[in-house]
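Chemist: Listed here are the chains, written in short residue letters.
2 protein chains.
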Amino acid sequence: MTTTATMAAVKFAQENQERFVEELKALLRIPSVSTLPEHAKDVRAAAEFVAAELKRIGMEHVRLIETATKERPGGHPLVYADWLNAAPAADGRPAPTVLCYGHYDVQPAEPLDEWKSPPFEPTVRDGNIYARGAVDDKGQMWMHVKALEALFSVGEGRLPVNVRVIVEGEEEVGGEGIAMFVREHGDSLKADVALVSDTEMFAPELPTLCVGLRGMIYTEIEVRGARTDLHSGMYGGAVPNPFVALAQVIAKLKDADGRILIPGFYDKVVSPSADELKAWQALPFDEEHYRETEVGSVSLTGEAGYSVLERTWARPTLDVHGMPGGFTGAGAKTVIPAKALAKVSMRLVPDMTPAESFAKYKAYVESIVPAGVEIEVRMIHSGDPIVVSTDNAYVKAATEAMHTVFGKETVFVRGGGSIPIVGDFVRELKIPTVMMGFGLPDDNLHAPNEKFHLANFYRGIESIVLFLSGVGA
Amino acid sequence: MTTTATMAAVKFAQENQERFVEELKALLRIPSVSTLPEHAKDVRAAAEFVAAELKRIGMEHVRLIETATKERPGGHPLVYADWLNAAPAADGRPAPTVLCYGHYDVQPAEPLDEWKSPPFEPTVRDGNIYARGAVDDKGQMWMHVKALEALFSVGEGRLPVNVRVIVEGEEEVGGEGIAMFVREHGDSLKADVALVSDTEMFAPELPTLCVGLRGMIYTEIEVRGARTDLHSGMYGGAVPNPFVALAQVIAKLKDADGRILIPGFYDKVVSPSADELKAWQALPFDEEHYRETEVGSVSLTGEAGYSVLERTWARPTLDVHGMPGGFTGAGAKTVIPAKALAKVSMRLVPDMTPAESFAKYKAYVESIVPAGVEIEVRMIHSGDPIVVSTDNAYVKAATEAMHTVFGKETVFVRGGGSIPIVGDFVRELKIPTVMMGFGLPDDNLHAPNEKFHLANFYRGIESIVLFLSGVGA
Chain B
347 MTTTATMAAV KFAQENQERF VEELKALLRI PSVSTLPEHA KDVRAAAEFV AAELKRIGME
407 HVRLIETATK ERPGGHPLVY ADWLNAAPAA DGRPAPTVLC YGHYDVQPAE PLDEWKSPPF
467 EPTVRDGNIY ARGAVDDKGQ MWMHVKALEA LFSVGEGRLP VNVRVIVEGE EEVGGEGIAM
527 FVREHGDSLK ADVALVSDTE MFAPELPTLC VGLRGMIYTE IEVRGARTDL HSGMYGGAVP
587 NPFVALAQVI AKLKDADGRI LIPGFYDKVV SPSADELKAW QALPFDEEHY RETEVGSVSL
647 TGEAGYSVLE RTWARPTLDV HGMPGGFTGA GAKTVIPAKA LAKVSMRLVP DMTPAESFAK
707 YKAYVESIVP AGVEIEVRMI HSGDPIVVST DNAYVKAATE AMHTVFGKET VFVRGGGSIP
767 IVGDFVRELK IPTVMMGFGL PDDNLHAPNE KFHLANFYRG IESIVLFLSG VGA
Chain D
347 MTTTATMAAV KFAQENQERF VEELKALLRI PSVSTLPEHA KDVRAAAEFV AAELKRIGME
407 HVRLIETATK ERPGGHPLVY ADWLNAAPAA DGRPAPTVLC YGHYDVQPAE PLDEWKSPPF
467 EPTVRDGNIY ARGAVDDKGQ MWMHVKALEA LFSVGEGRLP VNVRVIVEGE EEVGGEGIAM
527 FVREHGDSLK ADVALVSDTE MFAPELPTLC VGLRGMIYTE IEVRGARTDL HSGMYGGAVP
587 NPFVALAQVI AKLKDADGRI LIPGFYDKVV SPSADELKAW QALPFDEEHY RETEVGSVSL
647 TGEAGYSVLE RTWARPTLDV HGMPGGFTGA GAKTVIPAKA LAKVSMRLVP DMTPAESFAK
707 YKAYVESIVP AGVEIEVRMI HSGDPIVVST DNAYVKAATE AMHTVFGKET VFVRGGGSIP
767 IVGDFVRELK IPTVMMGFGL PDDNLHAPNE KFHLANFYRG IESIVLFLSG VGA
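In order, the protein sequence lines correspond to chains B and D. Going by the working numbering, the letters in the first sequence line up with residues 347 to 819, in that order. Going by the working numbering, the letters in the second sequence line up with residues 347 to 819, in that order.
Hints should not be assumed to be uniformly reliable.
The list makes no distinction among identical chains, and a pair is therefore deemed to hold if it is satisfied within one copy or across any two copies.
[Stated by the list, open to error] Simulated pairs of lysine to any residue, SDA-like, Cα-Cα distance not exceeding 20 Å: (1) Lys685 x Thr639; (2) Lys598 x Ile714; (3) Lys685 x Thr674; (4) Lys754 x Pro787.
Derived by calculation from the structure, the hints in this document are not laboratory data. Since the model is a prediction, treat every value here as computed from it, not as a measurement.
With the rest of the complex left out, here is chain B (with noise of 0.2 Å):
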């Protein structure tokens, strides 16, 4: 494609930058809330909603693959287009495929009287896009459509690479769906190189690409002590108290400095290297601004030694989500509970495993049973830790993109937590993922008042619109 017509394309964007809002008004309207059981026509409508545009835009093969089994009756469609007719190089060499992914799921909208503007009546206050969804992901997953529409338009219904669309409706409550697909029909999604707009920008201004996700696993450990409940006044003494026992084994998981104490945890942690740990140093972070404003708690804590960008982005972590079980209601009620369990949780980095990760885990846990319990551990889920090359055609068409665009260099940071399907992407597909986010660090996902930068929106659209061209060059 020419810089002409990559550059005619960037002014049909911005010509319809109304028009495109509009249309993410009218997708955010819609409640797709994928974890709630009767917004499940809802999910269904925004699917069909985004298949309904790919055709326009001029996408083929626009489908809705059904995910629903007898085993997963509640599974949500896939959104599947593709457009695989781009010349090869002048060399002759096939065109490159592009898989773009999104989720046009939501998550619940509750609490919903923190809301200044209802969730799903989309509201722009302020140069921003209020609504549930708004960035997490409808409004950056209709990044990648416009910058298709506004590529087809000015290319007449051609693109410059094959682009496969994939919009999944279960991100937000797992993503297994999709992850079964990859599994078992990975062909149909055969590509070069993923991009995925689900991440955010370091900084406002500051033009970000992701480049690692930690991997994790999630597990719950029980703890049995007594048949049954029994009242703490006849029993207390005698009787093995869950909740301590309990206690007992998570304080014996980390130590005081937020070290995890299980025996060779930290044996495939890879170190980043001397080049990422510097370009870290220079980002705009500080360390006591960050405590203040995003944090709130008295102190930072973890590891001694590392810097908060490290322990978050590098450095494995454990984490305790919620204690069930015995008596949690308003006042007294003297139980010595039967059960207790724990939720934690574990982030993984480069080389560590799940499998191995959680094996080491297990065994040490049940190496500190305290007297008169038994206790049992369970794996929930997990994802693998991810780390990108940097040192490929599509980051370099990336940065350029988002350097272009923005006018600032890109910079490359990390994300602390997981997006499996990156995982996914790699192990099944075999291809990398360009993680090119344009959120904002205070865009409230999965909180109340969420939004979207809308000059990010449309910075977005002309970033992939330069990105997809960058590519097919």
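Use these hints to put chain D onto chain B, whose structure you have.
Modeler: This is chain D only, laid out in the frame that chain B set:
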């Protein structure tokens, strides 16, 4: 009262057993569940039922005392009655006054599907009456009423002692109403001894007086980390986790053997006398049988060097009842909660006091706060530990009464739980309490299929007839 008259009262009770059970059934049919606001009318109906019967048998000044106030709109009424016309002793000393205490409210019946017969349709099977409240405490309270009826009946409208009756409707929700009344209107309950039948026999056929109860402090520890819930992927490794901090605190409250680590916590503990310990060793109790049949855990726990009876009756303990906060649903949610709570109670023994014990506990917890979190320690409620001297005329009368009825030596035991009203009687009214209970260890208090062994209902009435006659002799 002459032996002949007492024996006539016993005979009256024996001849009317069938009617007494029918009356009790009518009372048990009223679902007077004090914890559930929707049962407020039933709770009042039970109070009125008891009041009507007290009036019918000959008690005077029968009335409901309202305890609801603006601050406590849900307070349930007390039932009060007295008969204070007993003849003075031959030497001119006034007849003593016995304060009979009971409660007419019951625990919720859930889980309903585990009841073999419906909880509010009293059913007699195998010599037991099954219903919610059968033994706790409607059946035992009804023994008092029926013993009084028998004495009135053979005494031509007179009793051998002065009697006050106070029956509360909030025992299962903390007994705040009666505690306030005792504190503010103690004079109107002036008596020489209280009689409480809300305990159990150590074993079937073994007449038992309870002469000690543990006290308690029920507390909450609240741990706050970040200002709001945060995502464990993005923040894990840098941000304090309140559940991990709470586990670290709890793990420092007790050592692996169950000894409480709060400095000075055991300072005021008074050991049982050598005679008392010897008597406990003679009780029919097998620790392994207890573990297997009552508890069901892989082993018992607790302080080395103390028997189970010592650990549950004469040693302080610490238990965790629940740890509210964070994510407790099925599956996985990757939240670092902003706060976590633990419900922690300690049982106290003489001469520990709630205030001093709480102060030591609070100071200790505040001295071991992990990095990054803030901790608040709150008292929810408390009760004093109690030991009743066995060397007084009332305990002697009770001992003899039960010995006569059961044909066996009465044993003295303690209870591990608390009956706060007994502490209130000591503190506010300056009177001892005779705890003469007729429940059995397998009566399923607070559980499905609560029952009362009818033979013990009858023997209880007879024992109380003999006790009241003995006190008045």
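Chemist: Take the hints in turn and mark each one as holding or not.
Modeler: Taking the hints in turn, this is what the structure says about them:
Taking CA atoms no more than 20 Å apart as the test, Lys685 paired with Thr639 passes between copies only; the shortest distance there is 18 Å, against 39 Å inside one copy. Taking the shortest Cα distances, Lys598 and Ile714 sit within 20 Å of each other both inside one copy (8 Å) and across copies (16 Å). When the C-alpha separation of Lys685 and Thr674 is checked against a cutoff of 20 Å, the pair qualifies both within a copy, at 14 Å, and between copies, at 14 Å. Proximity of Lys754 and Pro787 under a CA criterion of 20 Å is satisfied intra-copy only: 19 Å inside one chain copy versus 77 Å between copies.
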